[in-house]
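Peer 1: Start from the sequences, fold in the hints, and give me the full structure.
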Amino acid sequence: MFSKQARTTKGSQTVFVFVVATLSAGIGFAATPSAVQPSGLETFIRVRCSTTGNNIYTEWQGSMYAFVPQERQRKLFKFLGMNVARCLKNQQGKWQLLSRELTYYLDPQTNQLVHRWENPWTGETVAVVHVANNPVQYVLSGNPSSENDGNNITFVSDNLLTYPNVLAADAKFKDYSPEKLYQAGEFFQLTTSVTDLKHSTHAVKNMHIAWTRVGPWLPWMKMKGKPGYLVYSATGEKVANFEALDPLLKAEIKTRLPLYKEAPRCFLATKNETSWTYFNKYFAAYLQAERFPIAAPAMNDVCEH
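Reading the sequence shown from the start, the letters are residues -30 to -1, 1 to 275 in mature numbering (1 follows the signal peptide of the UniProt record, and there is no 0).
The set of hints was computed from the structure by calculation and includes no laboratory data.
Using 20 Å as the maximum straight-line C-alpha spacing, the simulated EDC-like pairs for lysine to aspartate or glutamate come out as follows:
(1) Lys45 - Glu88
(2) Lys175 - Glu207
(3) Lys64 - Glu274
(4) Lys168 - Asp119
(5) Lys224 - Glu213
(6) Lys150 - Asp140
(7) Lys231 - Glu207
(8) Lys45 - Asp77
(9) Lys196 - Asp145
(10) Lys241 - Glu274
(11) Lys59 - Glu12
(12) Lys194 - Glu41
(13) Lys142 - Glu260
(14) Lys220 - Asp77
(15) Lys168 - Glu12
Peer 2: Here it is as structure tokens:
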């Protein structure tokens, strides 16, 4: 198995995973049965990140669909996102994946950024809370498994998530996320060519991502406990540098979110951010229909000691 420790300032918690983007806890690692073989952790670092400690950028794009019992499925949004990661060894010699990430919800017809959304079930117009997770960080260990067909090597992870919903205990969130448990599934495939891997010293140049997610309504949708769930389908890739990101992402980072131009330089002294913790943190701004993500200037990292 390939394990990671998701540490917080209150202690540590071991879960099993390889990470691409928005994962937080209670995750399992799996590989497809065909030609499965163990791969060194450093191989995974070269595919997902780099052994040099440099910033590594990934970008993804996809669509979000709503499934409601006995209704026709709806395509609610397209989305566009990025992650900037840095892989470093800690004092114990274990690899750390240190990152921040953004995802923007787009109009499915025009591809334009959406800041206000009319809920088609309730008729209410709500503020759209785009994803801004800082940090997304883990300690990695063990040997991941991979599928090798002779031409490509693919890391596969099927992650089933069930843990307490951080919003459920507060009555003010009953219309937004009343469920006691957060339940979702995240399914990842990271693929690179055997040739690229063979000829890379620190990082592969080309890595492709396939991602599917099944999860609950997002809190900002204000679904008031309506039965149903969301399905996300996306593809992505490692990009050469910051300037190779989509123009929308670059513009947002340069003008409003410079913090997301670089990955953390150390394991931060804070818990991983998720869409649920972010909504809790900025609930007042959401009620005031402020623009999301909330502006995030560059700042010095506060490291865990």
